[in-house]
Each structure stands twice: as C-alpha cells, then as structure tokens.
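Number of protein chains: 2
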Amino acid sequence: MSPIDVPLLVVGGGIGGMSAALSLARAGHRVHLIEQAAEFAEVGAGLQLAPNATRALDRLGVLEPVLRRAVQPSLLQMLDAVDGEEISALDVGEAFVARYHAPYVVLHRHDLLSALLDACRAEEGIELETNRHVISCGVEPDRVTITCADGTVYRAGAVIGADGLRSRLRGLVSDDEPLATGYVAYRGPVPVDRVAGAIRMDAVVVWIGPGLHLVQYPLRHGQLLNQVAVFRSDRYEPHSDDWGSPEELRARFSTMCPAVAASVELLDQSMRWPMHDRQPIGNWTCGPVTLLGDAAHPMLQYLAQGACQALEDAVELGEQFVPGRDPEEAFRAYQAARIPRTGRVQASARAWGELWHLDGVARDVRNRYLRARRADDFVDIDWLYGADALSAVTASGS
Amino acid sequence: MSPIDVPLLVVGGGIGGMSAALSLARAGHRVHLIEQAAEFAEVGAGLQLAPNATRALDRLGVLEPVLRRAVQPSLLQMLDAVDGEEISALDVGEAFVARYHAPYVVLHRHDLLSALLDACRAEEGIELETNRHVISCGVEPDRVTITCADGTVYRAGAVIGADGLRSRLRGLVSDDEPLATGYVAYRGPVPVDRVAGAIRMDAVVVWIGPGLHLVQYPLRHGQLLNQVAVFRSDRYEPHSDDWGSPEELRARFSTMCPAVAASVELLDQSMRWPMHDRQPIGNWTCGPVTLLGDAAHPMLQYLAQGACQALEDAVELGEQFVPGRDPEEAFRAYQAARIPRTGRVQASARAWGELWHLDGVARDVRNRYLRARRADDFVDIDWLYGADALSAVTASGS
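Here the protein sequences line up with chains A and B, keeping their order.
Under the numbering used here, residue 398 is the last one in the first sequence; the count climbs by one each step, no gaps.
Under the numbering used here, residue 796 is the last one in the second sequence; the count climbs by one each step, no gaps.
Just so you know, the hints here were simulated from the structure itself, not pulled from any lab data.
Small disclaimer: the values here were computed from a predicted structure and weren't measured.
The beta-carbon is built from N, C-alpha and C at its ideal position, and this holds for glycine as well.
Careful, some of the hints might be misleading.
Unchecked claim - Residues on chain A that point at chain B, a partial pick, calculated with CB under 7 Å:
hint, residue
1, Ala-351
2, Glu-354
3, Leu-355
4, Leu-358
5, Val-361
6, Ala-362
7, Val-365
8, Arg-366
9, Arg-368
10, Tyr-369
The task is simple: from the sequences and hints, build the whole structure.
What follows is the structure in structure tokens.
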C-alpha cells in the first residue's frame with residue numbers, strides 16, 4: 001500500500017486521543033485518529049471528573065452531553081475502612097461549583113467516550129479509523145512515518161501519541177518502563193438493588209485502610225453503584241501475574257468493617273488490574289511527535305486525575321497548535337505548560353495513596369489531622385481544581 | 399554461712415529499688431536492700447522527671463534535695479531533624495506546674511540516685527548491702543530464700559524484685575525475654591563550652607527524624623548538655639552486637655540538618671545502648687515476691703517515663719504494704735493499681751516512638767497535626783502527668 005498523507009495524526013482513540021482530536025479540529029486542523037482496537041470502547045468502570053476536567057470539557061464543547069449522563073454528587077466523603085468512622089468530607093455542592101466555575105461529576109467511562117466520539121464524528125475535520133495497531137514509527141524533521149500491523153502506512157506532518165500506559169511512541173523520548181506498585185484493583189458497577197445496606201447516592205465515598213481502599217459512587221442516575229477495591233498484595237512479585245488473586249482480595253477486605261467487607265462480594269472478580277505509573281519525565285517531544293495523557297504522564301488513581309489531566313492536555317494542545325505554527329514549536333510550548341503540572345499531579349497522587357494506606361500510629365495521626373479539616377476548606381485543593389491552575393503551576397514550581 | 403533473716407528484702411539498688419526501700423521504711427517497715435554491683439551508682443546520663451515523678455519524690459520526702467540539683471526547663475520543644483523546623487512545643491512553666499502540682503525537671507541520673515541513697519542512709523529501718531549478686535530464689539508460702547553468688551543466703555518474709563530489664567526474679571512469673579527493637583542509643587553529657595552554636599538552656603529539645611532522634615537538655619545548672627542520639631540500624635540482627643556502630647551513627651545523622659549532624663560529633667561513642675522493652679504482663683506476683691520498675695514493666699524511653707513509673711510503683715507499694723497486712727495480699731493490691739497504668743505507658747511509649755520515627759507522607763501529616771496543637775494544650779497529657787493519674791487509670795481502661 002502506498003503511504004497515506006495526513007497533516008496531523010493522533011495515535012490512540014481513548015479519552016485522551018479523542019479529546020485531543022476534538023481540540024485540534026476546533027482549532028482549525030484536519031485530524032486523523034487511529035485506534036488499535038476494532039471499536040472505540042472504554043473497558044472498565046466509572047470515572048470521576050473534577051472541575052478542572054469539566055471546565056476542559058466545556059472548552060471542548062462536550063460538557064452538556066456529559067452532564068446529561070453524569071451524576072453530580074454533593075459530597076466527597078472519606079471513611080476509615082477499619083472502624084467505619086468518617087475521617088473527612090469535602091462539600092462539592094454550590095459553594096464548590098461557584099469557586100471552581102464547574103461541577104464535580106461521576107459517570108461511566110463508556111458514557112464519556114461516547115460523548116467525545118459523537119462530537120468527533122460531528123466534526124468535518126476529523127477522520128477516525130479502528131484496527132490500526134502501530135508497529136513502527138520513523139521520525140524525520142518535518143514528517144513522521146507510522147506503520148501499522150495491517151500494512152497501513154501514514155505519512156504525517158505531526159503525530160500526537162495518546163497510546164496509553166504502554167505507549168509505543170513514548171519510546172522516542174524515554175526508555176523507561178511502567179512501574180508496578182504491588183497494588184491491584186478490582187472494579188466495576190453493580191446494580192443498586194443488589195447492594196445490601198444503606199448507600200449514599202449523593203456522595204463519592206472512599207474507605208481507606210492499611211494497604212487497601214474502596215471507592216464507591218453512583219452511576220447512571222443512581223441505577224448502578226460503581227466500586228473500585230484496591231489492595232497491596234503480600235505476594236507481589238515482578239514479572240508475574242500470580243499475585244493479587246480474588247482469594248487475597250476477599251481475605252484482605254474480610255478484616256475491615258462490615259460495610260467494606262460486604263462490598264467486595266459484589267465485585268466482578270474476573271479481571272484484576274495491577275496498578276502502575278511512571279516517573280515524570282522532562283521531555284515528551286521528539287521532532288514533530290509529542291505525547292498526551294497516560295502516554296505522557298501515567299499516574300496512580302488516588303487523585304482520580306488520569307482522565308482529567310488528559311483533558312487538560314487536549315485543551316492546551318489545541319491552544320498551542322495554531323495553524324501555520326511549526327508543529328515542533330507548538331509541542332514545545334504545550335509541554336512547557338503541561339510537564340510541571342502533570343508531574344506535580346503524578347507525585348501528589350503517589351503521596352495521597354501513601355496517606356490512604358497508612359497503618360498503626362501513622363494512620364491514627366492521619367485521621368486526627370484530616371478530621372480537623374472543614375468540609376468547606378478548599379485551600380489545599382485550589383492548585384488542582386482551580387480555574388487558573390494551568391497558568392498558576394509554572395509560577396508555583398512543584 | 400547461715401541464712402540471714404530479714405522481714406523485707408529489696409533486690410536491686412537502682413532508682414526503683416532505692417525508692418521502694420524508702421517508701422516501705424516510711425510506711426513503718428524494716429527493709430534490707432541488696433545490690434549486685436560494688437557500689438551504688440547510676441551509669442549513663444541525664445534523666446527527665448515529669449510531674450508524676452516529682453510528686454512521687456515529694457511523697458518520699460526527697461523532692462527538695464532533687465530540686466537543688468535539677469534544672470527546671472520552661473519548654474519541651476520538638477523539632478524536625480530533617481529540616482530543623484519546630485514541630486511543637488509544650489509550655490512547662492507556671493501554668494503547667496500549677497496544673498500538675500509539681501514541676502518538670504531534668505537532672506543527672508547520679509544526682510537522683512545520690513539523693514535517694516542519702517535518704518535511705520538517713521533511715522534507721524533501711525540496711526543497704528552491695529556485692530550481692532542473686533543466683534537463685536526459692537519461694538514458699540510465707541518466706542523466700544535468696545541465694546547470692548558470694549554464698550550469702552537471705553530468708554525473707556517478702557521480696558521486691560527491682561532488678562531491672564534483665565530481672566532474675568521476673569522468671570518466677572514469666573518466661574518472656576527482653577524485646578530488641580533494632581534501635582541503639584549513644585548518650586552522655588558534654589561540657590556546654592564545647593558545644594558550637596546556640597543552645598536553649600531553658601528547654602528539653604527533641605529532634606525527630608526518619609528512624610532516629612536526638613534529645614538534648616541542660617544538666618548541673620547549665621554546665622553540661624545532656625545528649626541522647628538514637629537510631630534504627632539497617633544492620634540489626636538478633637543475638638549479635640555487630641550493628642548500630644559509631645560509623646552507622648555518624649552516617650545516619652550526617653544527612654540531618656546541620657545542628658543535629660554536628661551534635662553527634664560530641665557524643666561519647668564508646669558505649670552503645672541497644673534499646674529493649676517487654677510486653678506488658680498481667681501478673682507480677684508469685685507468693686510473697688513481687689516486681690517493681692524495669693523488672694516489672696521495662697519500657698522504651700520515648701515518653702521518658704522509665705524512672706518516673708518506678709517512682710510511682712514505690713509510692714503505691716508503700717501505701718499498700720501496711721504493717722500487719724499479708725505481703726501477698728499487699729502485692730496483689732499494688733499490682734492491681736499499677737499493671738493497667740504501666741501497661742498503658744509501655745504501649746504509649748512504643749506508639750510515641752513510632753510517631754517520632756515516621757518518614758515520607760506520614761512524617762508530613764504528623765508535622766501538620768502536631769503543629770496545630772497549642773503549647774498550653776495539656777489535655778492529651780493529663781492521663782500521664784495528672785495528679786489523679788493513679789486512680790483515674792482504672793476507670794479509663796486502656
């Protein structure tokens with residue numbers, strides 16, 4: 001086959017790639033997006049979108065369809081998984097929405113991807129292709145050759161690698177590998193009527209305990225309860241899948257308070273999700289190729305910011321990639337804005353997870369400290385959710 | 399040699415044994431005290447006496463000579479050994495003294511023992527002997543036979559084992575062993591004029607860091623600075639002395655803030671003190687034999703309560719051992735009052751040490767939590783220093 005010439009190629013049709021395509025198209029570019037799977041689909045479960053993400057969706061013109069499918073909680077609640085006592089709460093109601101000019105919502109991953117896909121399909125400038133598994137990438141100063149497993153070859157003016165945690169394009173700028181944490185997740189939504197006991201349908205609830213946690217929130221107008229159970233396996237070994245089994249899951253959670261112990265019985269235990277991230281890197285760009293989303297900055301899920309940061313990336317990319325500007329120059333400006341902020345989020349997510357999983361006297365002092373905070377004290381989260389977060393990060397450093 | 403008949407025998411001439419002898423004599427008993435060393439002497443360094451201990455000394459009639467030799471600080475200060483920043487402070491000035499009806503003082507261990515020794519020698523009812531190393535102990539319902547290495551045999555109506563961490567008499571009630579912690583201490587006073595840099599002469603200062611800490615306070619009217627440097631050795635192995643070396647000490651403290659790093663250069667590095675405690679036990683009494691001080695409840699030093707609890711033991715023992723009462727009955731009443739409280743202090747000392755030695759995000763949250771406390775907030779320490787601590791403990795449980 002002869003090469004297909006495309007001005008701008010996005011590799012990866014997940015939340016990051018789709019929103020990048022949308023952002024670039026809205027900025028006046030023709031975009032070609034390729035996805036390795038046969039269909040555009042998000043596996044898994046629910047997703048949290050903090051105000052920094054809902055503001056980005058607004059900029060991309062897809063907030064309205066997202067809100068139609070989302071649940072807007074009034075509270076983020078943290079409880080101790082051992083004794084069941086509340087540790088802290090963050091009021092994400094009116095005052096929160098007013099402060100951050102956007103709501104905190106939760107929805108099914110599939111619903112977010114559908115909204116993005118619908119918007120991409122409605123854009124004349126976007127072409128979407130599935131079944132394109134990238135196997136090699138050749139970079140020259142003003143063009144990139146991308147070869148797929150099915151023989152398709154693209155000759156692109158510039159490429160955005162939105163190909164996830166195990167990004168192939170990341171190899172152009174770094175030889176690092178995903179870092180295993182020894183933690184594994186089991187997740188999925190369950191019909192609400194199968195859940196015994198009282199459930200808050202107005203809250204995102206996280207139960208935190210020694211080396212484990214459980215997140216619960218409603219989806220689809222409260223018909224589903226999304227659950228994510230995460231624990232550190234005592235049997236973790238590198239380069240093995242023989243750890244973090246459903247038996248371990250049940251054994252670990254069985255010692256927690258009754259509400260938490262009962263929750264894992266309902267979880268889908270057929271899929272285990274080992275948790276990874278990577279260290280922040282100082283450069284995402286190689287000539288006219290750059291990275292976006294998990295390919296650029298995979299992070300642990302403790303701040304629920306993986307998709308949110310990809311959406312921020314997409315908005316920034318669209319702003320920097322003005323027509324006529326040299327792609328490499330645009331990518332350099334994009335990464336200059338994004339690397340400090342995403343690095344801080346990666347590091348903070350790790351620290352936040354460490355805090356959740358403390359044991360012994362450290363757990364006790366954490367609970368005392370967090371209990372002293374007020375539900376309307378937003379100062380500590382302004383850096384993350386704040387409206388000027390993008391511009392503020394460069395000034396504040398870390 | 400024919401056995402020496404004594405009504406009451408105290409085994410051990412340290413702070414616990416000496417104060418027990420004094421308390422029993424003041425209660426109207428004739429007391430025989432034996433010590434294995436050739437002289438009554440306390441090795442080591444300084445000692446902190448919290449109000450619960452100075453009140454006990456007052457009851458024993460030796461507070462006045464102790465205060466003459468002690469320094470009375472106005473502040474207990476806690477700093478972060480890594481960055482040198484203050485974490486918290488407790489004002490132990492007038493309001494503290496008024497609340498607890500006694501002062502917080504520091505002095506040389508030798509000076510406290512001297513004051514107790516002088517008081518014992520001034521008591522007609524007390525006989526003191528050195529060079530008596532106990533090698534066996536035979537218990538019958540109404541008498542105890544104690545045999546020493548030099549052939550001396552005592553036939554006692556009752557025995558108080560104040561023979562320290564490695565108590566021989568504890569073997570009558572428990573087969574437990576001292577628990578090594580992997581921590582080692584280096585300690586000793588240094589002349590103040592050898593110390594470079596500013597020193598607070600009105601404070602007990604503790605620098606806390608990941609797996610280590612340093613305590614500093616003035617002794618002898620401010621002529622000496624007492625120092626205790628403690629760290630967890632990475633090379634710890636059970637049943638070995640080949641860990642916690644001076645080289646490790648210097649290497650570990652060299653990464654701390656300059657004031658802390660410099661301090662260890664002045665420390666006497668010829669003696670290492672591995673740190674031990676034991677689990678609390680539920681019975682100290684076997685017939686007419688009971689335990690007191692470290693023999694009964696050895697504890698980690700993090701609350702500086704080892705000597706303080708021995709002094710409390712002595713006062714309680716004197717109160718329960720009324721003339722004419724059956725010794726075993728008196729000992730049962732004594733341990734009923736003392737075991738819950740000393741068990742709580744042992745457990746709290748461990749937890750307090752764990753808190754001091756936190757690293758990472760746990761260290762950060764600890765500092766934030768402790769910084770929020772006021773210097774005159776005494777509520778958390780009432781249980782330990784409070785005037786009704788002895789009677790309150792039984793009610794409060796743990």
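Cross-check of the supplied hints:
1. Because the smallest distance between the Cβ of A/Ala-351 and any Cβ of chain B comes to about 5 Å, under 7 Å, the interface hint for this residue holds.
2. Annotation: A/Glu-354 was flagged as interfacial toward chain B, and the flag holds, the nearest CB pair being 4 Å apart, inside 7 Å.
3. Hint on A/Leu-355 holds. Least Cβ distance to chain B is approximately 5 Å, under the 7 Å limit.
4. A distance limit of 7 Å between C-beta atoms decides the matter here; for A/Leu-358 the minimum to chain B is near 6 Å, and the interface restraint holds.
5. Interface hint status for A/Val-361: upheld, as the beta-carbon distance to the closest one in chain B is roughly 4 Å, under 7 Å.
6. The interface hint given for A/Ala-362 holds, since its Cβ lies 4 Å from the closest Cβ of chain B, which is under the 7 Å cut-off.
7. Using the Cβ-Cβ criterion of 7 Å, the hint placing A/Val-365 at the interface with chain B is satisfied: the shortest such distance is roughly 5 Å.
8. Checking A/Arg-366 against chain B by beta carbon gives a least distance of about 5 Å; that is within 7 Å, so the hint holds.
9. Proximity of A/Arg-368 to chain B holds as hinted, the smallest CB-CB distance being about 6 Å (cut-off 7 Å).
10. For A/Tyr-369, the shortest C-beta to C-beta distance to chain B is roughly 4 Å, which falls under 7 Å, so the interface hint holds.
Hint check: no violations occur; every hint is consistent with the structure.
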